[in-house]
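Novice: Same order as they appear, the protein sequences are chains A and B. Take the first sequence: its position 161, counting from 1, is numbered 160 in numbering that gives the first Met the number 0, and each next residue is one higher. Take the second sequence: its position 220, counting from 1, is numbered 219 in numbering that gives the first Met the number 0, and each next residue is one higher.
Mixed in with the good hints there might be a few duds.
Claimed, not checked - Simulated crosslink set (SDA-like; lysine to any residue; CA at most 20 Å straight-line):
#, chain 1, residue 1, chain 2, residue 2
1, A, Lys217, A, Ala247
2, B, Lys571, A, Val21
3, A, Lys217, B, Gly699
4, A, Lys126, B, Thr665
5, A, Lys217, B, Phe628
6, A, Lys126, B, Gly621
7, A, Lys60, B, Thr662
8, B, Lys571, A, Pro11
9, A, Lys217, B, Val614
10, A, Lys217, B, Lys676
11, A, Lys217, B, Thr662
12, A, Lys60, A, Ser26
13, B, Lys676, B, Thr662
14, B, Lys571, A, Glu118
15, A, Lys60, A, Asp96
16, B, Lys571, A, Gly106
17, B, Lys676, B, Phe628
18, A, Lys217, B, Lys571
As the list claims (entries may be wrong) - Derived coverage of chain B by chain A (criterion: at least 3 residues anywhere in the stretch with Cβ under 8 Å from a Cβ of chain A; other residues may be distant):
#, segment
19, 77–84
20, 557–564
21, 599–612
No wet-lab data here; the hints were simulated from the structure. We treat Cβ as the ideally placed atom computed from N, Cα and C, and that holds for glycine.
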Amino acid sequence: MAVKVLILEDNPAAREFLGRVVRESFSDTITIVEAGDLESARRAVRIAGGAQGYHGVDPFKLILVDLELPDGSGLELLEELRQYPATKIVTTLYSDDEHLFPALQCGADGYLLKEDRFELLVEELQKIVRGEPPLSPAIARRLLGHFRTHTRTGMNRRITDEANRDALRTGTATSTFTSALAFAAPAPVEIEPTLDLPALTPREVEVLTFLSKGFTIKEIAALMSIKWFTVNDHIKSIYRKLNVSSRAEAAVLASKQGLV
Amino acid sequence: MSQSRVRPMGWRRLLLLPIALLASLVVVVLARTLAQTPDLDARWRLDSSGHLQLTASDLPPLRAAVGSSLDVIVAPGVAPLYVDGRRIVNSTRWIASDDERQAAARQQREMARLLEPGTPVLLGFTDRTSARVTPHARGYETLGITFWLLCGLGLALELVGAVVLLVRLDLRNLLYAVMAQCQAAQLLLAAVDAVPGIGSLSLLGGHEASLRMALDVVTCAALLNTTLLYPTPLPPRRALAWLTWAATLAFSVAALAFDLPQAWWWCEAPSLGTGLLVAGLLGWSYRITPHPYATVMRRLSIVTTGSLALVTIVVALNDRMPGEVQSLVSAVPVIWTVFFASLLLMSPFLARSQHMMREFAMLAGVSTLATSVDLLFVAVFSFNQFASITTSLFVALGVYAASRQWLLDQLIGTRAVTTERLFEHLLRIARKVEEQPARAADWQLELFHAVFQPLVARHEPGFTKTTRWYEGGAGLLVPLAVEQSFDSVGTTSQFDDGEPPEPRLIVLRFAERGQRLFTAEDARLADRIVEQLRRAVAHDRAIEQGRSEERGRIAQDLHDDIGARLLTLMYKAPNPEMEDYVRHTLQDLKTLTRGLAATTHLLSHAAGEWKADIVQRLAPTGCTLEWSFTQDVEIQLNVVQWSGLTRILRELVSNIIAHAKATHATIHADLRDGRLKLTVADNGIGGTPKDWATGLGLGGIRKRVRTLGGTIAWQQNTPDGVRCDVSVPLASPATPSIPAPPTWPGAGAG
Numbered sequence: 000m001a002v003k004v005l006i007l008e009d010n011p012a013a014r015e016f017l018g019r020v021v022r023e024s025f026s027d028t029i030t031i032v033e034a035g036d037l038e039s040a041r042r043a044v045r046i047a048g049g050a051q052g053y054h055g056v057d058p059f060k061l062i063l064v065d066l067e068l069p070d071g072s073g074l075e076l077l078e079e080l081r082q083y084p085a086t087k088i089v090t091t092l093y094s095d096d097e098h099l100f101p102a103l104q105c106g107a108d109g110y111l112l113k114e115d116r117f118e119l120l121v122e123e124l125q126k127i128v129r130g131e132p133p134l135s136p137a138i139a140r141r142l143l144g145h146f147r148t149h150t151r152t153g154m155n156r157r158i159t160d161e162a163n164r165d166a167l168r169t170g171t172a173t174s175t176f177t178s179a180l181a182f183a184a185p186a187p188v189e190i191e192p193t194l195d196l197p198a199l200t201p202r203e204v205e206v207l208t209f210l211s212k213g214f215t216i217k218e219i220a221a222l223m224s225i226k227w228f229t230v231n232d233h234i235k236s237i238y239r240k241l242n243v244s245s246r247a248e249a250a251v252l253a254s255k256q257g258l259v
Numbered sequence: 000m001s002q003s004r005v006r007p008m009g010w011r012r013l014l015l016l017p018i019a020l021l022a023s024l025v026v027v028v029l030a031r032t033l034a035q036t037p038d039l040d041a042r043w044r045l046d047s048s049g050h051l052q053l054t055a056s057d058l059p060p061l062r063a064a065v066g067s068s069l070d071v072i073v074a075p076g077v078a079p080l081y082v083d084g085r086r087i088v089n090s091t092r093w094i095a096s097d098d099e100r101q102a103a104a105r106q107q108r109e110m111a112r113l114l115e116p117g118t119p120v121l122l123g124f125t126d127r128t129s130a131r132v133t134p135h136a137r138g139y140e141t142l143g144i145t146f147w148l149l150c151g152l153g154l155a156l157e158l159v160g161a162v163v164l165l166v167r168l169d170l171r172n173l174l175y176a177v178m179a180q181c182q183a184a185q186l187l188l189a190a191v192d193a194v195p196g197i198g199s200l201s202l203l204g205g206h207e208a209s210l211r212m213a214l215d216v217v218t219c220a221a222l223l224n225t226t227l228l229y230p231t232p233l234p235p236r237r238a239l240a241w242l243t244w245a246a247t248l249a250f251s252v253a254a255l256a257f258d259l260p261q262a263w264w265w266c267e268a269p270s271l272g273t274g275l276l277v278a279g280l281l282g283w284s285y286r287i288t289p290h291p292y293a294t295v296m297r298r299l300s301i302v303t304t305g306s307l308a309l310v311t312i313v314v315a316l317n318d319r320m321p322g323e324v325q326s327l328v329s330a331v332p333v334i335w336t337v338f339f340a341s342l343l344l345m346s347p348f349l350a351r352s353q354h355m356m357r358e359f360a361m362l363a364g365v366s367t368l369a370t371s372v373d374l375l376f377v378a379v380f381s382f383n384q385f386a387s388i389t390t391s392l393f394v395a396l397g398v399y400a401a402s403r404q405w406l407l408d409q410l411i412g413t414r415a416v417t418t419e420r421l422f423e424h425l426l427r428i429a430r431k432v433e434e435q436p437a438r439a440a441d442w443q444l445e446l447f448h449a450v451f452q453p454l455v456a457r458h459e460p461g462f463t464k465t466t467r468w469y470e471g472g473a474g475l476l477v478p479l480a481v482e483q484s485f486d487s488v489g490t491t492s493q494f495d496d497g498e499p500p501e502p503r504l505i506v507l508r509f510a511e512r513g514q515r516l517f518t519a520e521d522a523r524l525a526d527r528i529v530e531q532l533r534r535a536v537a538h539d540r541a542i543e544q545g546r547s548e549e550r551g552r553i554a555q556d557l558h559d560d561i562g563a564r565l566l567t568l569m570y571k572a573p574n575p576e577m578e579d580y581v582r583h584t585l586q587d588l589k590t591l592t593r594g595l596a597a598t599t600h601l602l603s604h605a606a607g608e609w610k611a612d613i614v615q616r617l618a619p620t621g622c623t624l625e626w627s628f629t630q631d632v633e634i635q636l637n638v639v640q641w642s643g644l645t646r647i648l649r650e651l652v653s654n655i656i657a658h659a660k661a662t663h664a665t666i667h668a669d670l671r672d673g674r675l676k677l678t679v680a681d682n683g684i685g686g687t688p689k690d691w692a693t694g695l696g697l698g699g700i701r702k703r704v705r706t707l708g709g710t711i712a713w714q715q716n717t718p719d720g721v722r723c724d725v726s727v728p729l730a731s732p733a734t735p736s737i738p739a740p741p742t743w744p745g746a747g748a749g
């Protein structure tokens with residue numbers, strides 16, 4: 000049976016290029032569905048069984064999503080397809096963490112940079128599908144910061160001076176958010192029983208710290224005296240925790256706003 | 000919580016009420032007693048021969064005698080009293096010689112026997128006329144305004160003493176309360192003294208002078224003991240305290256029970272001695288702990304002792320003055336008593352009341368000076384009264400004008416920082432806080448250090464909404480205007496649990512290197528500085544935010560439009576060379592837009608990204624990388640530095656990939672003493688760098704290094720390959736508020 004792949008990309012040249020990359024990456028028969036905007040991508044997903052992917056007779060196995068689209072951001076689709084059982088990959092020109100991190104939070108399993116060489120892209124795509132997602136130093140840093148604020152707010156929340164907070168409006172934007180979260184976290188929410196925000200293990204923190212300094216997985220394995228695939232397991236686990244924590248966050252926010 | 004706090008205040012307030020009632024009752028009883036004493040309804044003044052001259056009277060028999068001087072008072076059944084005008088005083092406290100004092104007391108007693116309400120007396124005048132009058136109770140209205148004012152001051156002092164003791168019951172406050180009680184009593188007696196008329200008011204018989212001296216000596220003892228305890232407990236305090244109290248007891252017993260000979264001098268000498276000793280002890284105390292309270296009190300005690308010395312001289316010379324000025328002399332001690340009492344009254348509130356107090360102290364001091372100088376002129380140069388008053392007024396005004404500023408400085412100490420300097424500091428610190436938010440707390444500490452020049456300035460955790468001062472002005476607690484933002488510091492110490500608590504307060508102690516107390520004005524100034532700093536920083540941030548939004552928009556446009564076109568161009572490139580060229584251009588574009596979007600990058604973060612990028616680029620060529628990065632201090636790269644270094648490195652690595660055919664590359668980066676030394680070496684086929692043709696992108700690299708103010712040199716590597724050394728100064732990146740746009744694209748890719 001052919002493997003179904005969805006490529007959401009508005010640039011025809013890029014769409015064609017990515018199609019070549021996908022075909023080159025796998026030996027299976029590939030059926031590629033191309034979409035130029037969010038609307039047609041949604042339609043394609045509906046035809047293939049809907050966003051939950053439960054009743055799909057023939058769901059997509061791989062979805063490549065561009066972030067900048069004529070009718071919105073690829074993040075929207077990723078958000079809708081959180082539960083969709085496919086490997087979701089962000090393809091983008093933006094390599095910086097400001098753009099990539101939200102995508103990973105929305106459940107992307109990895110990212111590809113569109114300007115990379117053909118051979119490199121093939122290799123990267125194979126790795127992601129194998130469960131070896133990339134993690135750039137900038138994103139490693141973001142992850143460290145993300146999990147730090149989570150573990151922190153629960154431990155030592157302080158009453159801050161209103162005036163000082165005003166003066167520091169820019170600086171505290173995230174922390175007020177997370178402290179609101181910490182307030183809400185203990186409240187029981189019916190639909191999401193596992194609301195405990197996951198924390199990183201010391202090993203995972205170590206791996207992330209090395210990654211943020213630009214070390215390769217091989218080097219990290221040598222530095223930590225562990226196997227290469229153990230490092231990779233840590234990275235996968237970090238990805239998973241990010242996804243879980245983002246979902247928990249989203250659920251909490253939704254319940255706060257009375258959406259659930 | 001509030002319960003336990005309010006309750007003790009409750010019983011203290013309740014206790015204060017009976018004390019106040021009791022004190023008021025004392026004043027009322029005193030006034031009532033005085034109002035019932037007999038007097039003649041007449042006003043007198045001293046003439047030059049020492050007789051009392053009648054100036055006005057409402058009694059019909061006396062109207063004819065206005066202008067005559069009183070010689071003798073005769074009453075039936077009592078020996079006639081030849082009145083000496085100089086001895087008509089209500090208080091004998093300020094009479095220097097024993098004989099005079101006894102004579103005055105004797106005359107008081109005889110006067111009391113002569114003047115009985117309802118018993119007519121015959122007044123004989125020097126011009127041989129006489130008048131028969133009947134003394135009456137003098138009534139409340141003749142007690143005079145001075146009486147009531149002094150009573151009021153006495154009451155206030157009494158209450159302040161009680162309040163201080165009730166707020167905290169300890170030895171120091173007890174001593175203060177003792178001083179306050181003594182001086183309050185002294186003021187009441189002075190008030191009695193100030194009642195006009197010739198009728199005797201001696202309520203205590205002959206012991207009035209002795210009692211007042213005893214009160215003064217007890218005050219001196221308490222003052223000395225307070226000095227030994229505060230601000231710094233001094234080593235010999237036990238011995239000295241016992242000695243002082245023993246001497247005080249001995250003096251009091253001797254004066255009250257045995258009529259101590261030369262009692263006045265026995266009282267004045269220890270008073271002056273105490274003043275000098277207190278000044279000396281405070282100097283010593285300051286050397287042990289530089290508490291500004293010691294300095295301020297020392298200056299005050301010197302001023303007080305000086306004026307007491309003047310008063311003593313004037314009173315001692317009283318005999319030699321002509322009769323008509325002697326009534327003035329009696330005013331000098333009263334002024335001094337008021338002066339001393341007011342100092343005492345305000346000393347617990349030194350930090351709160353400095354402005355008011357120093358003006359008041361100046362006024363009292365100058366009036367003491369003027370009166371004393373006036374009387375000295377009269378006594379020494381035998382001037383007539385008008386001439387002496389004029390001269391002394393001029394002298395006093397001259398001294399006041401010449402020394403006012405100096406005196407004020409000496410009394411309180413000036414702020415060393417002018418408004419202009421303050422403004423400069425404020426602006427500079429606001430800029431620094433903006434540049435290095437991680438050190439915001441340090442910069443604010445520096446600002447307050449510059450403004451108040453305290454001996455101690457440090458951070459503390461804790462919280463205060465507005466500036467508060469404590470220990471009576473020894474210290475000041477200032478809230479931080481801008482809190483340290485740790486988020487921007489980086490990831491190095493994120494998981495240290497032993498991280499020190501964030502500073503939230505600035506604690507300042509001992510203003511002006513311990514020369515000055517913090518005042519309420521200082522607290523207000525500090526609050527205003529904090530507010531201004533907040534505003535300045537908020538304003539700077541708003542501007543910076545506006546700029547970065549603008550830059551972000553430009554970056555977004557560039558990225559979306561040009562980036563998409565370049566991408567299409569790259570996919571449709573006819574050959575790999577063209578594709579690489581476009582890819583390179585695209586990467587440069589990304590560096591540019593990234594530089595525009597973010598303002599600063601930490602060097603360590605940048606290094607991590609450089610390494611990851613280079614590893615990825617070298618991987619397909621089979622070239623291994625040896626990478627090392629060290630830094631002695633973490634710094635922020637500005638946009639120019641970040642994009643410059645990023646592209647220098649990329650270019651050098653591109654050359655290795657494209658031309659060197661190397662199997663191993665070595666990159667060392669080392670930041671030391673503000674210089675980044677970058678070494679990029681390979682083992683390829685570089686040959687002699689001198690022979691290289693231009694157009695390998697080397698020109699672009701050179702240009703970038705020059706922009707950063709650094710140097711670059713290529714040389715042959717051993718055994719083969721090429722080594723490139725780059726050295727770039729990165730110290731104290733004076734982040735320009737408008738980052739210079741990175742020069743675009745100087746380097747044609749190789």
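Novice: It remains to establish, for every hint, whether it holds in the given structure.
Specialist: Comparing the hints with the structure gives:
no., hint, verdict
1, A:Lys217 <-> A:Ala247, "33 Å, violated"
2, B:Lys571 <-> A:Val21, "18 Å, holds"
3, A:Lys217 <-> B:Gly699, "34 Å, violated"
4, A:Lys126 <-> B:Thr665, "28 Å, violated"
5, A:Lys217 <-> B:Phe628, "18 Å, holds"
6, A:Lys126 <-> B:Gly621, "19 Å, holds"
7, A:Lys60 <-> B:Thr662, "39 Å, violated"
8, B:Lys571 <-> A:Pro11, "11 Å, holds"
9, A:Lys217 <-> B:Val614, "12 Å, holds"
10, A:Lys217 <-> B:Lys676, "27 Å, violated"
11, A:Lys217 <-> B:Thr662, "18 Å, holds"
12, A:Lys60 <-> A:Ser26, "14 Å, holds"
13, B:Lys676 <-> B:Thr662, "23 Å, violated"
14, B:Lys571 <-> A:Glu118, "16 Å, holds"
15, A:Lys60 <-> A:Asp96, "26 Å, violated"
16, B:Lys571 <-> A:Gly106, "32 Å, violated"
17, B:Lys676 <-> B:Phe628, "10 Å, holds"
18, A:Lys217 <-> B:Lys571, "35 Å, violated"
19, 77–84, "violated (count 0)"
20, 557–564, "holds (count 4)"
21, 599–612, "holds (count 8)"
When held up to the earlier numbered hints, the structure conflicts with 1, 3, 4, 7, 10, 13, 15, 16, 18, 19 and fits the remainder.
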